[in-house]
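Participant: Listed here are the chains, written in short residue letters.
Number of protein chains: 4
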Amino acid sequence: MASIGIVGGTGYTGSELLRLLSAHPQVKVRVITSRADAGQRVADVLPMLRGRCDLVFQDPARAPLSDCDLVFFATPNGTAMAQAPALLEAGARVIDLAADFRIKDLSVWEHWYGLRHGAPALVDEAVYGLPEVNREAIRGARLVANPGCYPTAITLGLLPLLEADAIEPARIVADGKSGVSGAGRKATAGLLMAEVGESFKAYSVAGHRHEPEIEETLRLSTGRAVSLTFVPHLVPMVRGIEATIYAPRKRADVDLTALFDQRYRDEPCVDVMPAALPLETRSVRGTNLCRLSVMEPQGKGVVVVQSVIDNLVKGAAGQAVQNMNLMLGFPESTGLDAVALVP
Amino acid sequence: MASIGIVGGTGYTGSELLRLLSAHPQVKVRVITSRADAGQRVADVLPMLRGRCDLVFQDPARAPLSDCDLVFFATPNGTAMAQAPALLEAGARVIDLAADFRIKDLSVWEHWYGLRHGAPALVDEAVYGLPEVNREAIRGARLVANPGCYPTAITLGLLPLLEADAIEPARIVADGKSGVSGAGRKATAGLLMAEVGESFKAYSVAGHRHEPEIEETLRLSTGRAVSLTFVPHLVPMVRGIEATIYAPRKRADVDLTALFDQRYRDEPCVDVMPAALPLETRSVRGTNLCRLSVMEPQGKGVVVVQSVIDNLVKGAAGQAVQNMNLMLGFPESTGLDAVALVP
Amino acid sequence: MASIGIVGGTGYTGSELLRLLSAHPQVKVRVITSRADAGQRVADVLPMLRGRCDLVFQDPARAPLSDCDLVFFATPNGTAMAQAPALLEAGARVIDLAADFRIKDLSVWEHWYGLRHGAPALVDEAVYGLPEVNREAIRGARLVANPGCYPTAITLGLLPLLEADAIEPARIVADGKSGVSGAGRKATAGLLMAEVGESFKAYSVAGHRHEPEIEETLRLSTGRAVSLTFVPHLVPMVRGIEATIYAPRKRADVDLTALFDQRYRDEPCVDVMPAALPLETRSVRGTNLCRLSVMEPQGKGVVVVQSVIDNLVKGAAGQAVQNMNLMLGFPESTGLDAVALVP
Amino acid sequence: MASIGIVGGTGYTGSELLRLLSAHPQVKVRVITSRADAGQRVADVLPMLRGRCDLVFQDPARAPLSDCDLVFFATPNGTAMAQAPALLEAGARVIDLAADFRIKDLSVWEHWYGLRHGAPALVDEAVYGLPEVNREAIRGARLVANPGCYPTAITLGLLPLLEADAIEPARIVADGKSGVSGAGRKATAGLLMAEVGESFKAYSVAGHRHEPEIEETLRLSTGRAVSLTFVPHLVPMVRGIEATIYAPRKRADVDLTALFDQRYRDEPCVDVMPAALPLETRSVRGTNLCRLSVMEPQGKGVVVVQSVIDNLVKGAAGQAVQNMNLMLGFPESTGLDAVALVP
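Residue numbers (the numbering used here), protein chains in the order written: chain Z, 1 to 343; chain E, 1 to 343; chain G, 1 to 343; chain A, 1 to 343.
So here's chain Z without its partners, still in its complex pose:
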């Protein structure tokens, strides 16, 4: 049994890691930290874990994280870049679920995150943890940057098209929609149910941090400079992301669905759906799947990709476990085989 640490256990990605790892046969969470809840039993703070978790939240300053084989950071941006160096030094491997190591271009990162980066050398070393792109590198990595939720859904939706040169890389549009858990568990008036229930809105229209992440990943993995306009929206539901992606078609001779089928044939966590079937966020609820479909409606020259994930699983904790499985040499889907909770 590998020994696991989690820094920041009371946010949604932290508790989702606990949920997923409690069913994982080859690892055991040994340490979990929370500044606010230090000293409290995990099962008292997160009652769904009663009977499944004996841990007590520890103060991050005193927790024996460096004894762990692998440590997840489920923390706000800026935490992992401060603490990861010492853990790596001590021999632990690290997966950061925040954004500290997602963008290679430091000036872009510092512009969008408004911070000076604390560990620039590690940015170079870090592997972007999208297994469908970087599987082999992840296996050997000490430090993995777990992708953002929207970037996971959107990058997987665009990869086959860009790799096959089937779309124009300029003027791509991604219209993203997320359930409210994507915003985390911060006490913010704007996320009260009385504010966001029974309503729908776009947010961060002027610019969202996930846009440069997607553009960089696509450029590095396909060699094409992509110009993406990305507008996220808030859906009055708890879990789930849907992205509808629009791109000018370049090659009319490509069978779009076949292209996706071929690209993702061996991927355990991507499911290409026939274009005729509806694609609902609930069809991946609680699972580590990305479901995709693609078509060119009405022959108008615009390729439309639909992509759905559970923002807390394939969009965060589940993908982190998938990366952990690769890093620790376990079968990639270990602990990730739940059927979606429908309805």
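Any given hint could be a false lead.
[To be verified] Cross-link-like lysine to any residue pairs, in silico, SDA-like; alpha carbons within 20 Å at most:
hint : chain 1 : residue 1 : chain 2 : residue 2
1    : A       : LYS186    : E       : ARG185
2    : Z       : LYS300    : E       : ARG224
3    : Z       : LYS186    : G       : LYS186
4    : A       : LYS28     : A       : LEU55
5    : G       : LYS250    : A       : LEU55
These aren't lab readings, by the way, just hints derived from the structure by calculation. Predicted model, so just to flag it, every value in this text is computed and none were measured.
Starting from the known structure of chain Z, fit chains E, G and A onto it as the hints suggest.
Facilitator: This is chains E, G and A only, laid out in the frame that chain Z set:
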């Protein structure tokens, strides 16, 4: 007091007409029909109208509709084209809230609606009831085709840009999202709350009837042939439509918000919001407003318009009342001045 | 036009007062305060009021409230008892939407609210603003204590039964359910949509402040000492309260529905429904109505009352306007005649 | 591997059985029937099962159900009583998730279900499948009547109190609340999201079939004749049942929480929570747990029990799998150890 008839009173657009007209000082609903509920008191079927409506649902075959000054059709597609001719003949004016008279090009209409049109001559005569485009023609019309819900939101969002030649008319994308009341009150398993609650999905991706309606309206009103890719989505909420519209920018010298402000300055039912304020569907809930904002995010050459309406009000019954006010010579906003129900 | 002030304009009861009063033909809001938003335009903070409200939030310390004919306190508990004395002295009338003057028994109040009361003499003078009980006293009052939301729904449901001695006053059970707007607009993690969406729970089971309020009101108005067990629950919706009330039946000879019909026949804001019709919170959404129905299921000796209100209207701001109408001599329902927003 | 059949696979209990059994290591679903979807692949009708289920829906008239070791009926009331006799005869064991065998008193059953019973002898033989009451009998049963959803939550909440003679058995009140999936997947206008979203209501107030089921179970298992008033309510969410139960306290000397702890100490699917912790339906979402807490608020002589289950799991398919495990000699919780999906 003008005398009003409503054909089809138990669907959502019918009951919304009753709600709005019950507060209208210059008209009185005299006749309301429902095949299924004929003989029942309106207030027993629609308890929110207890104490506010003394009518009894009448069988459409026997209802004295031709005595009314104006008759609304809140019926499935195909009904108005069969019954409107006789009513017009008898001197009543008619507003059809369904799609029978929305599209001038009969072959397009017949393709998308799968019906042979029963009153082609009236298609020519009918005025498309978008007051922001056809105000004067509506005033004099015998027959008004009330626009679809998505077309109202999307057309109003594109008009200023096309009129000013500020965007390329090809490869426009409209990503629409609607609350579930947009699908009507039909007993369909796919619209059960257990099916659509806590989930989000696109639908009719391969093609939706509102796409040709929008393209035709924009072409006829601006003289530009528009190619639109429109993908609608279902939001787990009851009321509200949001459309996020993406179009390649053509003229960099235009101040986009000023353009919208100027276009809609005198419009009582359109509100242009500063781009910095959030645009939520709830901000128009229960009202006849379309709220819009416009910007070009990150200077990437793509103009983004946000548009929100209440699908049952500005997207259906409210716009029908606005058209009625114009046709009967009342101030345009009479009975339409509610403040949105927030939260 | 009477001149109105509102202390605390950015909470839900404050903004609901603005919504309702914007449609009131005989009053004008002249002053509105908000510590947090002082200096900002109301319509920028509450966009649904764009075009309907020209006011700017004022600092409560400097606002000319004493020039108003009537001042509403839409503030946390403890504010009105500090500020009302000076306003009353200056000749303004006051309606407190918080709990400062709701309970006559000071020791009970201080126990449940954990505060020392700052204006004990005014507690005696204040009239409990439930028009169905205290209409005449309200007309002449300087200071009205607007009832709590649950107390409005539950007291109206029990009054006819206790007045007619039709139930045992001991072991009454009220199972209350409220939408999340009842908790106000405070930034609290426990009220995030990700915490309360798609879930249902009881809260304050050990005891809730509204229990002594209901017991006292019923005792003072019917002369009977009532023992009530009240358990509130949180519903994943925004607006609405439903209470299902259970009481041991005492007199079998009473026609329960007739009893309610008779008690509320002349009440403009209470609607007794036939027991066979469903009673939904949405049937009063946005309105100042309390809808009630009553029956004894299966002849088991337990009377069951259902009661629904909109917690922000009849449960707060609407009832406050009803009280204002009485105090200022306007017809009682002025500005309160909206039809419920259904669906 | 035991061989399993499911009659009626497209309703919510049927698809939930598929979800749960797909993770069960000791059984394999061999046959699944659906009249409406016969011939279609299960994974096309229920996309969340793509890659997890190779079955094709079979016509019930031709399906080889009698070759199965155990057959679940996930059908409307009246089906199992017609088909179970032949299957039992052929040596299969049967679990009925509908109500055909839940009530021993035939006249009561026929009164509430409006049917003449087709297999009265089997009613005597059938074991009521509440493991916490009938564990040993279930192990040996050929035919198990799986309890209703509300009866599971309410019976488990009352058992310890009645067994210990801690409450008066008359005038017990159970106020139940259910998510909309409890009503099944029938195309009914009254269950459209536009009808039940953002609203809350009681239903079947005059009497609900689960009331006699609960009363009979409690009488047979505790020897006490119980008089229960049960009012169910519909919550605008998909999954989950909460029941708040009120009963006059009889013995003041009993430590209520200790009583529950002791009664359920060895139960794998019941979790007694400390009274101070909140009890939310989401804390059991997707799990086979019933979580309970108990207290006497304010010392008023009324015991209040809160009980939450997932209506489709412990309230239906999960409890059926628990019963199957007992009948087939597997560890009782096999396949039922998921952690709740929170948030």
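Participant: Which earlier hints can't be squared with this structure?
Facilitator: Those not satisfied come down to hint 5.
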